[in-house]
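Chemist: For reference, the chains in residue letters:
Number of protein chains: 2
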Amino acid sequence: MTARRGEASIDVECCRAPVCCDMRGMLSFLIMHILSKGPMYGMEIAEEIAKRKADKPNPGTLYPTLKDMQKRGLVESTKKGNTRVYKLTSAGRDGLAQAKEYFIQAYGDIVLESM
Amino acid sequence: MTARRGEASIDVECCRAPVCCDMRGMLSFLIMHILSKGPMYGMEIAEEIAKRKADKPNPGTLYPTLKDMQKRGLVESTKKGNTRVYKLTSAGRDGLAQAKEYFIQAYGDIVLESM
DNA sequence: TAGTCTATATTGTATATCCAATATTGGGCA
DNA sequence: TGCCCAATATTGGATATACAATATAGACTA
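Taken in sequence, the protein lines are chains H and L. The C-terminal position of the first sequence is numbered 135 in the numbering used here, with every residue numbered one higher than the one before it. The C-terminal position of the second sequence is numbered 135 in the numbering used here, with every residue numbered one higher than the one before it.
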């Protein structure tokens, strides 16, 4: 992220990353969830992540992750002019469903008890 | 984790870590949430994590994390015979509240839309 | 065609998890 | 007292995620 602890980087109206815990991790999970809404190119994905995490991931974080996810068959991409559009593969959709089940098992109560 | 992908390590009736995404991260967040229910010693915390993640964290993961969290003032501990009992500090409680807000902002919809 | 802008991409470094293996400590019991 | 066992602790190494800095590619405009 470009401005992790205080200084604004893009316009978001949501709370910043906590000081107490780093909360790194699960980037590919989040990307898969975002792509389950529809195909998107890299910078669009970055903006979607920024809406949630209040900061855009660095290109050096995002692109190698997308490349790795493609290598593992979770996403596929096609070059469209200057951009590269990513979409979930069917293996990616299956993996996401499994990952969500695990995620809810591990963290679901934290969300639900705050509602 | 001791038996990450298939082989059972302890008796849990929940789904295993997904193959598609690593889902490492947020250990201190999870520990803080668990400790918000009451004081606990190291191996009890490990069992609570195992109930959620279907695998016990390795001692080489858990204890250094607890030590670091204590250094940062999030938890405090007292030695009780052979065990060391951890509890949240008030800074830890404040930090947890802030972290939960951020967590729900980033991942809340994933839980809610599966309900 | 040259300049500019955005998107993509890479390199190098840092760090929070992660494990395997091993060591230490303290309680309970023969 | 001596032995075993669970809990704690440490060491060494791996890896996903993170950034800063830089480089390349393609589109659009003057």
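Keep in mind that the hints are not guaranteed to be accurate.
When chains are identical, the list treats them as one kind, so a pair holds in a single copy or across two.
Derived DSS-like pairs: lysine-lysine, alpha-carbon spacing no greater than 30 Å straight-line [stated by the list, open to error]: (1) K87 - K100; (2) K71 - K120; (3) K99 - K87; (4) K99 - K57; (5) K91 - K107; (6) K57 - K120; (7) K91 - K120.
Please keep in mind that the hints were generated in silico from the structure rather than gathered at the bench.
Chemist: Against this structure, judge whether each hint is valid.
Modeler: Comparing the hints with the structure gives:
no.: 1; hint: K87 - K100; result: within (16 Å within a copy, 49 Å between copies)
no.: 2; hint: K71 - K120; result: both (20 Å within a copy, 16 Å between copies)
no.: 3; hint: K99 - K87; result: within (13 Å within a copy, 48 Å between copies)
no.: 4; hint: K99 - K57; result: within (20 Å within a copy, 50 Å between copies)
no.: 5; hint: K91 - K107; result: within (13 Å within a copy, 43 Å between copies)
no.: 6; hint: K57 - K120; result: both (15 Å within a copy, 25 Å between copies)
no.: 7; hint: K91 - K120; result: within (21 Å within a copy, 33 Å between copies)
Of the numbered hints stated above, none is contradicted by the structure.
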